[in-house]
Every structure is written in structure tokens, then in C-alpha cells.
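Engineer: Here is what each chain is made of, one letter per residue.
Protein chains: 4
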Amino acid sequence: LVKQYEALAEASRPVLGIADEAFSAIKKQITREEVRAVTLAKLRLCQDMVLWDIGAGSGSVSIEADRLMPDGRVYAIEQNEQYQRFIRENLRKFHSRHVTVVEGEAPGCLERLPDPDRVFIGGSGGSLWAILSVVDQRLAAGGRIVVNAITLDTLAAASEFLENAGYRVEVTSVNIARTRPATDYKMFEAFNPVFVLVADKE
Amino acid sequence: LVKQYEALAEASRPVLGIADEAFSAIKKQITREEVRAVTLAKLRLCQDMVLWDIGAGSGSVSIEADRLMPDGRVYAIEQNEQYQRFIRENLRKFHSRHVTVVEGEAPGCLERLPDPDRVFIGGSGGSLWAILSVVDQRLAAGGRIVVNAITLDTLAAASEFLENAGYRVEVTSVNIARTRPATDYKMFEAFNPVFVLVADKE
Amino acid sequence: LVKQYEALAEASRPVLGIADEAFSAIKKQITREEVRAVTLAKLRLCQDMVLWDIGAGSGSVSIEADRLMPDGRVYAIEQNEQYQRFIRENLRKFHSRHVTVVEGEAPGCLERLPDPDRVFIGGSGGSLWAILSVVDQRLAAGGRIVVNAITLDTLAAASEFLENAGYRVEVTSVNIARTRPATDYKMFEAFNPVFVLVADKE
Amino acid sequence: LVKQYEALAEASRPVLGIADEAFSAIKKQITREEVRAVTLAKLRLCQDMVLWDIGAGSGSVSIEADRLMPDGRVYAIEQNEQYQRFIRENLRKFHSRHVTVVEGEAPGCLERLPDPDRVFIGGSGGSLWAILSVVDQRLAAGGRIVVNAITLDTLAAASEFLENAGYRVEVTSVNIARTRPATDYKMFEAFNPVFVLVADKE
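Chains C, P, B and G supply the protein sequences, listed in that same order.
FYI, the numbering for the first sequence is 202 to 403, going by UniProt numbering.
FYI, the numbering for the second sequence is 202 to 403, going by UniProt numbering.
FYI, the numbering for the third sequence is 202 to 403, going by UniProt numbering.
FYI, the numbering for the fourth sequence is 202 to 403, going by UniProt numbering.
Zero decoy hints are in this set.
Note: identical chains are not told apart, hence a pair may lie in one copy or across any two.
Computed list of lysine-lysine pairs in DSS-like fashion (alpha-carbon distance at most 30 Å, straight line):
#1 Lys-294 <-> Lys-402
#2 Lys-294 <-> Lys-229
#3 Lys-402 <-> Lys-229
#4 Lys-402 <-> Lys-228
Derived by calculation from the structure, the hints in this document are not laboratory data.
Given the sequences, and given the hints that come with them, work out the whole structure.
Structural biologist: What follows is the structure, encoded as C-alpha cells:
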């Protein structure tokens, strides 16, 4: 019976697309719904992959990735304690099945995780090159790394590292503006641009 | 054995994220990967919904929606014969399971379809209001309409109609630019902006 | 001697390009430097034109237009008293020569002004059609109207009015993001998009 | 009499804002009207400055800068012969007064020019660092460099060089889309994004 109820509940949850407000988070820091969708599409997730979500923040990418992969394993890596609490809260709220919170600092804490098929880097806490270096060693052939950069510095550094390491690199700039529903006038409010870098390992 | 093979093949296909080049289409007219991802997220598809994809073009939204909904039913409505051929070709190529091609002109051909939970309008062939009028009658309560507008005219008309009909309307402008992989210089190439309008029926 | 000093001072002021922070204004409401530059270019100002700046706000467009037109006459129309004070302060600060502040509500207060060669509408206080109607009667043949819209409503209404009145209408969407100087990381901060509508009277 | 006629003609030319189509150029390569306006505003030109326009292309920035500086001196530096012809043609067409075409390759050909107050780099033919190095030596204190980058590589390299050399660096990303006038539908067409880098010498 419980299982039936669960299945019913599941069926009524969107497979993709959770509103920003639905997550517990520091509002200004959450990856916006539209950027999250682009990020998830760029990750090219298959049903049973291992995803590392480095700098998981509120866990929004992990949670949506989990919904897309019925047999996946998602590792939400986050060193900030406040953010860890947000992630736990959101995992409960969204009934995530296969997300493990990894409390610790990357790249150190990556050692004990299974090798990834996909890696998402949403934040690197100043250790970008060290993280990319470990990720490069562990990532499966045919694997893919996606980095969301909001600074020119991160974008340039990630791009340089990954090209030198022989990856095929593509960058997409995403400029989003949105009107608020239920207002008299439809005024567009801009979100800060995000550069979504995709790197394929041959 | 066939079933096992099928399951295996399935597992190796991304649940979300198909490159633009992978579709048979008139290249300049396809909904770009990034915009498609935003559109799919805005559709808030659940596992077993009925989706009308009006003005299906190459069928790219239908095909990605089908992957997201294991028990869904997708109707790809398209009146242009060349596009219908593209859709059929793409459905085969991507092993789509629950997509029905509806050859004909909306809103006329919508009559024989089951009521939709979600409606996506990517093109309206000049009959936007007539289509919205039928969609409004048929859409379930709690249903959602997403319109991708590339002209100010479509955006303004859809917005006006749906607000007057009591929907809660939100518009997102999506400006995307992308570098090409495997070039010496990372030059950003812009795609035309798309306005993604979302309307919720209370 | 005073004249010489004046000339010297003049020579050391940029003809175009004033930083946002230099203006007294409600910071969030000022037309951003980049959008102002696009607006001024779209106005196609010649040396001795008459410009109406309707909804002048902080007066930033009037002040930059004045610098571009050595023999021009600029009318900064503004009904809000706080904004009028900002304009006066800014006119003094930037040594504007040919800008007249018009305190009052458009379109009523336009009656006593000389016919314009160019009209900029930065705000319309809810009377857009009434204003456009008067502007249309008074604008010289070969004249040009520029409207900066931040809402879909203003954009659609201005576009509809001016097309029906026989103008040649072009719309430019301007999406700007900027890094802050003197920070450790170059993070792009987005400004809300502005739609710059240009209408030519034949 | 000629002088009077000249003055009259002058008065009827816009001080700022020339349409892209008005220039002889390779259409896809011209700096778009809107980006040109932003660039000119960022240059903060005063009445009598010396401007180096490096990689002048069609000469559009030089020509608009000339109009803004009644007593300025503009050097349009260009090594490509086809582009040099475009520049000469455009200088004639737009009656530019104080623009000198410098045929040759930067940084070599910069030696014989007077020290600049402002430098615009629209193209660097692969010698960006060598050019910036010379520009840095020659630029007056209080001077300003503006670089328009369309690749991540140029943006990152210019930013790195100028920050290391002690400049105050700001980057603006400009995303423009425009409708065509006189069409039945207002469809927005995007131009490739440009990163406008501004560097101030203290």
C-alpha cells in the first residue's frame, strides 16, 4: 500500500522543472530554474550514471538530476555547513532517492567516491585547478564535465585547464530575464549571466 | 532477448539533452538545445501526462518530452508535409515510444485528440487565437500552456489572450550564445532570442 | 577670461559617456550608461535640433543630448517633484547649456513647447497613447521617436500605436551585464533588459 | 559660400548614430550600431583628444569618434588592404575631417604616431600582447583603453595583461537583438555578443 501511494505521489511530481522558490536556499545564490535546465541538458544524463555535483549549494542540480536518473547515483559535495543543511532539507522535501550528501572539501573528499560518468562544478571554493586535476584522473572515457561560471576568472581558468588536458570544450552564455506573474505590468528582471562550459573526454 | 537489448540501448541514451545537429531539420529553424531544455522544464511534465505539441516542426520537443514521460502520450501536430517527414525520421532515429504524429491544421485537428495536461505551442501558422481558444476549452484544471515566441506579435497576442482568459502568465526571455568546439578561438555565436511564455490555468 | 576658463573646462569634459554614479538619482531607476549610449545613437541628433525628453527622470539623457548638440534645445519633461530636483542638480553639475526643465504632466504641458525634431520617451506615467497622439501631431516630417520600454505592455502598446499611425518601427533589445572594477573576481552583474523602440515619420 | 554650404551640410548630419548599412564594409564584420555607441561612450572622448583606432576595419568607430571631437585627431590603423579601401571610401562618404589612415601592422606602425589619450582595439591580428605593451608605454596618465572582444581568448588575454599592468579593468557584455523595420512580424535577430573591456591608467 505504501508502495502504491509512493508510486502515485511520484507520478504527480514533475520529472523536470522545479521553481526556484521551492528550494530552501539563500535566494540570490540559487542556480535559476532556466540555467538549471540548460545545465541538466548539457550533462546528458543516462538512466544509471554516477554524477558528482561539486559545490552543490542548495542541492537543486542534484535533486533534479536524481529525478532524471531512475538508477543513478548522485553525490552532492558541499563544504559549507549552512548549505549542507539546505541540501538535507531539500532532499527530504523532494523525496530524492539516490543522492548522497558528501560533507567536506573537494578535491580531498572525492577520493572515497565511485568514479563518475558526469561531473558538475557549480562552485570550487578557490581550488578549481586542484579539483579539475582529480576529476580528470577519475572521469570515465566518454565522460563529460559541466562547469557553471559566473566570473570571467573561473571561465578562463576552467577553459584553459580542460583544453590543455585534451578535452573538447564548448561554452554557452545564458542570459535570462523573467517577468513576475500576477503583476499589472510585465517588467523583465534580469538574472546574472552564467557561462555553462562543457568538456568532453575522448 | 530483444527486450534486454532494448533496455540496454535505452540505458545508454541521455534522458535529457540532444544536440541540435542530431535532428533531421531545417537547421536554422530548430529550437536550440538550450531553449528546448528551458521549454521542457517550464512544461513541468509528470510521468503519465498528455502533451499536445502544436507546430511540432522537427519534433525535437516531442521527442525529448517522450523521454521524460515513461507513461506519457505526446501528440506532435504539424501541417507542413516536409516537417512531417522530418518528425517521422526523428521519431525512428530516437526510438520514441509514445509520440503520435497528427497531420493537419490546428485547431481543426485537435478535436479528435484526448484532453491535454500540457500544451506547447512552437508555431501557430497564423491561427494563434483560434488555437488558444480551443486549447483553453480542452486544457485540464491545473494545466499549463507554454508558448515559444520569436516575434513581438506572437508574444503580445498570446500574453493578451491568456491574461484575459484568467491565466497566470509569466514570460522568460532567453538569450543564448555558444562557442564552437574544436576551433582555435572561442568566439560566441548568438542565437535569436526566444520568449518562453508560461500560462497556468487555476 | 571667464570664457577662456569655460572653454577649457568644456574641452576636458567627455562629449559622450557619463558614468551612472555621477548622476544624482534613485540608483536603480537610472538609464544605464550603455543603454543611454544606444538611445542617444538611435536619436540621430544633429547640431541644432529640438528634443523633447518625456519622463526625464534624472535628466541623464537630456544632459548627454545637450552635449551632443551645440545649438540644440532640450526640454526635460518631468512631473515628479523629487525627480525635478535631481534634474536641476544634475544640470548644474554637468554645466548643461540648453536644457529647460518642464514641470508638469505630459501630454498637457507639451502644448507650450516648440515642435520637436526628436522625441524620447523614457516614462509615460500611464498616458502613453495620449502622449504619442500629441507627439505624432507635433513631430516634424522626417522626425524620429525613441521609446525605452522595460515592460512588455509599453513595448506592445507603443509598437501598435506607431505602426497604425504609419511610422516605420524597429525594436532593439539591449541586454547588458557588467563586472565591477577593483574586485578580485570579475563577476558579471546583469541590468534589466531594455527594449529601445525607434519610429520614423516619413 | 563653400564654407556656408559645408556648415549647413554639417548641421544636417547626426553627431552620433550611423546605420550599419551606410558603411562600405563586409557586412558581417562591422561593429553594430548599438555596440559602436556603447564603445564610443566608454571611450569618454573629449573635444581635442588623440585616438588610436587599432584594427579599424571599416573605419566606423573612427568616423563616429571624429564627429564627436571637433578638434580631435583620429588614427585609423589597419593592415588589410581591402579594409583600407573601405576606410578611405567611408571617410569620403562621411566627410571625416581629422582621421588619418595608417596603413601597416600594429604595433610596428604605432611608432610614428603622436601619443594617444584614448586607444580603441577592435582587432589585433594575433599580436594583442605586443600591441598592449606598446600602448601601455605610450598612453598618457589618465588615459583609457577600450578593447572589443568577440572571443573568450582575447577577453581573457587583454584582461590579464591590463590587470597585471596596474590598470583598473571593467568588462561589459553587450547582447543585442533587433527587429527589421517594414516586415509584417517583429522577429528579433541576435547579433553576436561583444565584450567591451575598459581599462583606466591611473
